[in-house]
Structure formats: structure tokens, C-alpha cells
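*Asks:* If you want the building blocks of each chain, they are given just below.
2 protein chains.
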Amino acid sequence: MAIKLGIIGYGGMAHWHRESGLKNVPGFEVIGVYDVDPAKIEEARSQGMIGYSKLEDMLANPDINLCLVATPNQVHKELTIAALNAGKNVVCEKPVTLTVKDLDEMIAASERNHKLFTVHQNRRWDADYLVAKQVFDSGVLGDVFTIQSRLHGTGGIMHGWRALPECGGGMVYDWGVHFIDQICNMVPGKITDISADLHSVKNLLVDDYFMTQLKFDTGVQVMIEIGTFLLKPTPRWYLAGNAGTCQLDDFSGVKGGITKVSKLAELIPPVIVNTPAGPTRTFAPQPPETLEQLPLPSFSGGWSDFYKNVDAAIEGKEELIVKPWQVRRVLGVLEKIFESAKTGHSVKYE
Amino acid sequence: MAIKLGIIGYGGMAHWHRESGLKNVPGFEVIGVYDVDPAKIEEARSQGMIGYSKLEDMLANPDINLCLVATPNQVHKELTIAALNAGKNVVCEKPVTLTVKDLDEMIAASERNHKLFTVHQNRRWDADYLVAKQVFDSGVLGDVFTIQSRLHGTGGIMHGWRALPECGGGMVYDWGVHFIDQICNMVPGKITDISADLHSVKNLLVDDYFMTQLKFDTGVQVMIEIGTFLLKPTPRWYLAGNAGTCQLDDFSGVKGGITKVSKLAELIPPVIVNTPAGPTRTFAPQPPETLEQLPLPSFSGGWSDFYKNVDAAIEGKEELIVKPWQVRRVLGVLEKIFESAKTGHSVKYE
Numbered sequence: 096m097a098i099k100l101g102i103i104g105y106g107g108m109a110h111w112h113r114e115s116g117l118k119n120v121p122g123f124e125v126i127g128v129y130d131v132d133p134a135k136i137e138e139a140r141s142q143g144m145i146g147y148s149k150l151e152d153m154l155a156n157p158d159i160n161l162c163l164v165a166t167p168n169q170v171h172k173e174l175t176i177a178a179l180n181a182g183k184n185v186v187c188e189k190p191v192t193l194t195v196k197d198l199d200e201m202i203a204a205s206e207r208n209h210k211l212f213t214v215h216q217n218r219r220w221d222a223d224y225l226v227a228k229q230v231f232d233s234g235v236l237g238d239v240f241t242i243q244s245r246l247h248g249t250g251g252i253m254h255g256w257r258a259l260p261e262c263g264g265g266m267v268y269d270w271g272v273h274f275i276d277q278i279c280n281m282v283p284g285k286i287t288d289i290s291a292d293l294h295s296v297k298n299l300l301v302d303d304y305f306m307t308q309l310k311f312d313t314g315v316q317v318m319i320e321i322g323t324f325l326l327k328p329t330p331r332w333y334l335a336g337n338a339g340t341c342q343l344d345d346f347s348g349v350k351g352g353i354t355k356v357s358k359l360a361e362l363i364p365p366v367i368v369n370t371p372a373g374p375t376r377t378f379a380p381q382p383p384e385t386l387e388q389l390p391l392p393s394f395s396g397g398w399s400d401f402y403k404n405v406d407a408a409i410e411g412k413e414e415l416i417v418k419p420w421q422v423r424r425v426l427g428v429l430e431k432i433f434e435s436a437k438t439g440h441s442v443k444y445e
Numbered sequence: 096m097a098i099k100l101g102i103i104g105y106g107g108m109a110h111w112h113r114e115s116g117l118k119n120v121p122g123f124e125v126i127g128v129y130d131v132d133p134a135k136i137e138e139a140r141s142q143g144m145i146g147y148s149k150l151e152d153m154l155a156n157p158d159i160n161l162c163l164v165a166t167p168n169q170v171h172k173e174l175t176i177a178a179l180n181a182g183k184n185v186v187c188e189k190p191v192t193l194t195v196k197d198l199d200e201m202i203a204a205s206e207r208n209h210k211l212f213t214v215h216q217n218r219r220w221d222a223d224y225l226v227a228k229q230v231f232d233s234g235v236l237g238d239v240f241t242i243q244s245r246l247h248g249t250g251g252i253m254h255g256w257r258a259l260p261e262c263g264g265g266m267v268y269d270w271g272v273h274f275i276d277q278i279c280n281m282v283p284g285k286i287t288d289i290s291a292d293l294h295s296v297k298n299l300l301v302d303d304y305f306m307t308q309l310k311f312d313t314g315v316q317v318m319i320e321i322g323t324f325l326l327k328p329t330p331r332w333y334l335a336g337n338a339g340t341c342q343l344d345d346f347s348g349v350k351g352g353i354t355k356v357s358k359l360a361e362l363i364p365p366v367i368v369n370t371p372a373g374p375t376r377t378f379a380p381q382p383p384e385t386l387e388q389l390p391l392p393s394f395s396g397g398w399s400d401f402y403k404n405v406d407a408a409i410e411g412k413e414e415l416i417v418k419p420w421q422v423r424r425v426l427g428v429l430e431k432i433f434e435s436a437k438t439g440h441s442v443k444y445e
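Chains A and B, in that order, are what the protein sequence lines are.
All residue numbers for the first sequence refer to the working numbering, where the first residue is 96 and numbers rise by one.
All residue numbers for the second sequence refer to the working numbering, where the first residue is 96 and numbers rise by one.
The hints are simulated quantities; they were obtained by calculation from the structure and are not laboratory data.
Hints are all accurate, no fakes.
No copy labels: a pair is met if it fits in one copy or bridges any two.
Below, simulated DSS-like cross-link-like pairs (lysine-lysine); rule was C-alpha separation at most 25 Å, straight line: (1) Lys-297 x Lys-228; (2) Lys-358 x Lys-327; (3) Lys-285 x Lys-437; (4) Lys-350 x Lys-327.
Model the full structure from these sequences, guided by the hints.
*Replies:* Quick look at the structure:
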């Protein structure tokens, strides 16, 4: 059964879904578009789709088997529930909604109507993440003690509704939800403690810089830092364990590498060296020949895998990958991040 | 009045004081050395100093006007108090001692005997710190929201008593005490919250990796990360404000720079760009001509300034720079770091 999509909200992301996200999904078709803006409806019609000015009309079309909710965040809930109640499966854009309480109503509507409900956490298929997760899972780093995930931009300003608190704007909801979803999908164990620091550096109404620390009961500590106004680039990923360190420079998934200590190092006794930091043995520069550089693993897959799985899950052929309970766990982290930033102290979680 | 020094504990650091720390201090002289190791006493004698096997003998020498305590940390307290009670001024190596309670006894001995007591927090004169502090103080970065201070080593193993908990070993006491002293001397305001994560990566008995976050009531957030087994180098300093970003690559104080956005950037409207991370406007690559690169400021001074100030403070000509109450504040932060790591949650401070 191929995907026959009805789009709710024909903005930038909906265009991306149609042109990129669904590109390699066999037999998909976008049947119709609902939007509050007549210009968007007209655009959809000019592209060969049915343009709807009333949501119930689109939801009454029996040819549509899946709805995409790609509106500003504050109306995800009502639109998702309306589509589920009309018997449609639903893909909702991220962040799914602004509170766990609202999400529970969406999950209940999915269960009541026996319809698939998932969220477009497509960054589980980003190249850099696929590589970082492989490195983590492979054990090449030994016991990993710190994972650092960063996005530093220079643009400063956030745009449109993403700069408005009432729409769920800000970096925690916009990009944080992705990076936390990645971590929750990569690191085993429970999150015991969350601390966070939020700033409005260039956007007065929403957070455009945040740093959060998640402590796992396995001892792994995760640091996520995202900012729109950090003018010196830093690596996308930094993972360190007791057997090696991995760095991924950017989103490409091919720049960076893994460093380990070679057997040779054990044969060279450490000596005190005078450095610009003073005399030191522990921090003496390591002879390059005692460090071993390994390439990053290669990766396969990409963003279309999200929709391929949705397609197969609707048909009962595959387990759904982005599960509502996972999305609920991530949204819970976001709530604790806001709580920690507000109180100025760390907050317990799972 | 020139410094006439009596050294208590003639190990690696005492040698450094004699050969480097005191080098440019006019008229200084090392009169005597006390050590528990006969070989060290012999060495001191062969270098023209008086070698003492009994502390009270050295403290009875009226020519000595200053004692340096450079032993393992767990005996700093008793040796410092003995020297103060004998009427000597005292420079104690860092960490001054292991608890605030013990430090209070040392401060009381100083006040009771009306003798100068200070701690060798010489990294206030490190080149990188002198530059970072100048950048922070100058306002060139605007309102600074994050300061990140890092030391990543590859050696793994800590050596001698620095690897033993009963001697106050581990990275928090060894290097953390310096980096926190630097931050306390740079960032105004009170520290409201401290969270920390400690690991024993290559040293089973003490912390050899830690990351701590200090929140200031002014909104500045500080992150300090020190590890002995992080095999990818990262910059020594990263400071970001709403008007620019500064990076210092290493301890030299000359590598790195300041980046700001040029006036030109305001004339170029942001556009959505397709990147390996997907379509983005906020994180679109900035045209290089819209970024302005400024050099780091130059610095003057160095490690000998510590002893020059001690000399002048003993004579009443200058205010003591490294004040006991400052050292007490830093040691309080260290106690909270250990508490946070133990409880797994952040801890309130000032």
C-alpha cells in the first residue's frame, strides 16, 4: 500500500517532505493540501494536487491514507487529533507539541482510533548521527564517559513563528528536540538528572542558545550545546571513552576520525616536559607515533527511510521506528530543561 | 626586604619555584630546605643551601622570612600552621588543603600571628588567562553568556601521590583548583549553582576527567572540562557574547582570535540554504566577508609577578593579590563539585 498523503499546512517543511523526504519512497503520491492561506491552496492546485480550504473536506477524502501535520507547533495537537478521529494515519512534524499532557491526548486519539501516529524525527537518519551511533555501538571507544553534541550557527536571528514563544519557538523546541531524540536513541539506560542553561542572545522572546547536561544511570554524561550566535566553529560530535576518542567535524558524516593510543605508547615511559603551561608529565605532548588514527565507519540510509518505515508499519510489515513513547520521553526531557533553566538548578528525571 | 626563603618539601614543584617562579624577583635567596628524605637534604646542601632534617630547626633560623610549603596536599595544613606559629610568612602550594574547615584553621593561624599567608595560584599569570581576562574585561564580546575553559591531555595516567585520594590527588584538586581560581578572579557576581560529573577513566582511585558548570547570578555560565585521556585536542578557551566570540587555542596566549559580525552582514538578507543538515536559514553558512576577525590583545607579566607581589605585600607596599578569602571561595566550589558528583544533582552555592 503506497502512501497517499494529505498535507496539513503547506509551508517550508511540507515542501521539503514532498520534494525530499518522500523522494525515494516507492509509489507515494501527495493527493491534497489543506492550508489557511488561499495562496498556498492555489499553489498546491497549480502543482496538480487538490487544494482544500476546509480541513474536514480533505479528511473526508477516502483516497488519503496518511496526513502530514506541518503547521506551527501550537496547533499540532488539535490537527493531529482531528485527522486521527477521521481515520487517518498521522505523521506530525517536530516538536510533536509543547507539553507531555497535550501529547498524551494525541497518543490516546491514536490508540482509540487504531491509527498509526508518529513524529518526523528525521535526524535519526542524518549522516553524522548514523556514524556517531555506529562508533558508539561498536565499542571501539571502550566505556564512553562523555558525549558532546553541538550546533553552532552564526546567523543569530530566528525567523517567523520560530521566534515566538506562543508557537513553541526557540532552539530547544526547534533543534534541541532532534538532538535529544538522537541521544535517547543511542545511549542505553535511564536519564537521572538534567541541568540546563538558556539564553536569549539575539532573539528577545525565545531561547537561541542553550547548553544542557543529561546524566545517565550508566555513568555516561551527555552535553548538548546549540546556539545561533557562536562565531567560531566547533565539532558536531565529540565522544570519549577509556579506549579512544571520536570527533565528527560536521553534518557530512565523513569528516573527522577516531584516535586511539597505540601499543607503542606503553613502551615509552612518561617524562616531565616543560610546556607553556609549565612542567607536566600527565599533559606532556604525546609523540605522534604513539597515537593511532582510525577512519570513521561508512554509513547507509537517509531521510527517506523514515517514510519507508511509516509505509511498512501501516501495512503491518515493520515495527514503527519513531514510537510515540520515545517521543514522549524526549518531550519530558524538554520540560525538565525548561524547568532547570527557570529554577537555576538541576532536575531529576527517570 | 628581599625574600629569604625556607622550602618545606623539596620535590618537583619546589625546584620549579627556585628555578622559575622566583627567577626575576630581585634579591631573593633560598636559605634552607627541610625534607623528610635525606637524599633531598643532601641535594639542597650540594646546591649551597642549608639542609634541615627537623622542621623546627629551619623555623628557628631568623634569616628566613618566608616559607614555601610544597609537600603533598594532605600535610599542607599542619606545616603551614607550624611555620606561621614560628613567625614566618607562608606561601602554600595549591590546593591549599582538602577542606574549607582545615583552611579556616590555617587562616586563623595567619591572623593570630599577624603573618602573611597566601597560596601559589600562579595560573592567574598564565599567558592564556591574562589574554582571556583582557578580552572579557574589554567588553569586545558584548554581554558574555558562556565561558568554556578546557584542558585535554592524552597521557592518561597521573603520577605519584597525585593519584592517591588520601593525598588530595585527582584532577579537581590538581588542575581544577587553578581553573576555578581563574574564573572566580575573572567573572563578577555570585555563583548560584554548581553541577559536576567526575570519572576515573585511567586512574582507578581518583578523578582524571571532570566537567563542571558554574552558574553566576549575572547570567554567565561557565563550563570547565579537564581530562587526562581525551585524544582529540580542543581549544583552551571559548568565550561567547552577544557581540562576538573569542577562542584561545592553547596556553601560548597568542594562538586564536576574536570573531565579530561586520556591518556588511546587516545589508545581506538571510536566505534559506540547502546544507548537509537540510534546508536552514538560521544555520546557513555565513559569507566570510560578513565576519570580522580581530587579533588577540597582547599581554604582559608572568609567573614571577606572584612572588614580586608577595615580597611587596610583606613590606606593606602592595595589597596581597592571592587573598585567603579568595582561596576559601575556590575551595568551597571544589567541595560542591565533589558533592554534586556524589549526589548526581546540582548544588546551590553562594
